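Undergrad: Once you have looked at the hints, place chain B on chain A.
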Amino acid sequence: MRPDNTITDANIIDNLTRNGNDRRKAEDQLFNGYSYFVKEGIRKYSLAEEDALDVYSDTIISAIEKITTGFFEGRSSLKTYLFRIFHNKCVDRIRQLTTNKNRIHRTAALADQLLSSLSDSAKSIVQRMADRSDFDVLRTRLNELGDNCRKMLALFADGYTDKEIAVAMDYKTAEVVKTSRLRCLERLRQSYNVLKH
Amino acid sequence: MDSLEYIDDYFKGLLTADQKKEFEQRILSDPSFAEELAFYLNAQAILKDEVEEEKKARFRELYRQNPPVDAGADPGADTAGGPVVRRLSPVRKLWPYLAAASVLILIVAAWLLSGTGSGPDRLADQYIHGQLQNLPVKMSSVQDSLQKAIALYNADSLPEALVRFGQLLQRDSARAQARVYSGIVCLRLDKYDEALDHFRQLEADTTLYNNPALFYESLTLMKRNHPGDSQKARQLLQLVVDRDLDKKEDAQRLLSKRW
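Going down the list, the protein sequences come from chains A and B. Just so you know, numbering that gives the first Met the number 0 puts 10 at position 11 of the first sequence, and the rest follows in order with no gaps. Just so you know, numbering that gives the first Met the number 0 puts 177 at position 178 of the second sequence, and the rest follows in order with no gaps.
Rather than coming from a laboratory, the hints here were simulated on the basis of the structure. Worth double-checking, as some hints may not be accurate.
[As the list claims (entries may be wrong)] Dumping the calculated DSSO-like pairs for lysine-lysine here, alpha-carbon to alpha-carbon at most 30 Å: (1) B:K54 with A:K150; (2) A:K38 with B:K54; (3) B:K55 with B:K19; (4) A:K162 with B:K19; (5) A:K43 with A:K88; (6) A:K162 with A:K65; (7) B:K54 with A:K162; (8) B:K47 with A:K88; (9) B:K247 with A:K88; (10) A:K171 with B:K54; (11) A:K150 with A:K24; (12) A:K65 with B:K19; (13) A:K24 with B:K11; (14) A:K65 with B:K20; (15) A:K162 with B:K55; (16) A:K88 with B:K55; (17) A:K65 with A:K38; (18) B:K247 with A:K65; (19) A:K122 with A:K65; (20) A:K162 with B:K147; (21) B:K11 with A:K65; (22) A:K122 with B:K19; (23) B:K11 with A:K150; (24) A:K122 with A:K88; (25) B:K47 with B:K20; (26) B:K231 with B:K256; (27) A:K122 with B:K47; (28) B:K11 with A:K122; (29) B:K231 with B:K190; (30) A:K43 with B:K256; (31) A:K24 with A:K38.
Source: prediction; values computed, not measured.
Chain A with its partners taken away, still in its complex shape (with noise of 0.2 Å):
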């Protein structure tokens, strides 16, 4: 028997791209496959087990948004790719820890890449608004949203299409997940103003 040897980068990449079970296993076997990248984190750039770990997480979780959103091109083989991400990352985590600077807050990076079509001058204003939200209050809000509402929106920003979420979930199509997706979001807007005002 020979349990993992027939799984491929081909393998794996294939079956991130199908969202559903198939994209979980795949995650993990990605994890499995490269994990020993923990010790060169610790051998290599000195970092604790923790935050080596927590690096290649990151690696592993940018790494599976390029697969799945196309941006990994397959020029070069998972290891080397992987790698490379997880040699910058460690770089990175290296100058936090020796500035102590805070990471970027995820929405400029989001608004970055959702907005990157937008002028300047469009997306300041979209970035000045996101800066003064309260996050800890729209997490709040939004740990109070139901467990159907929660795990809707979290395949949502996982990458799921409507169409996924409605296998993954048993709806009965797409537009049914659309409209009670939205209709979360509109709940956890209301909720958010309110408490916000």
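TA: For chain B alone, coordinates are given in the frame of chain A:
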């Protein structure tokens, strides 16, 4: 609801070029719309954070259940198309034993020959015969072009192997493993200048995490043994040791000899 759907459609790429322009105009002219967009982004960001935290917790648990064995692998080496390296692989389990056996053979051979006052070319020969007779083969149901070329090398069909490695490099000149092996084949075929050319190109590749280029370059110089080569080889080996580069231990062993 309408605004959120509009924003949602924008991020899904469902708007036409004109609608996208209107979208931007609305951000500039309608503060309440811009605020909804900011809310949408913040909600996405928090949700993404939570998804990531959940994944990290899952990964931590996986790590706790299967702590990694020190693979001693070359994380930067190119293994395009090959199987993902697995801890449970039977071949990987054997590696430490094979490596130990190789080292033992090398030590015994070195001990037997130590009294003969080897020159650099003989020392290089010993290394080549001890370490470079076979290239590592991956156990996989898929035999890719690299594996086929390696099989030719291991069958001692060196000129044919060189052609195959060359074809791989033509398709992808950045393929480090093919570059290393091309250099090694050239070295074994006594094509020293070509071997040096391969290793120097490899040396310039800063993307590699483990780069054995300097070590093989010095081995080639030892084997060629032209005037000045020996001294240059020693300097390069010393660099390998000082900078803690790939093949450091082999470099230390070669430096410990008299040549």
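Undergrad: Please list, smallest to largest, the hint numbers that this structure does not respect.
TA: 3, 18 and 20
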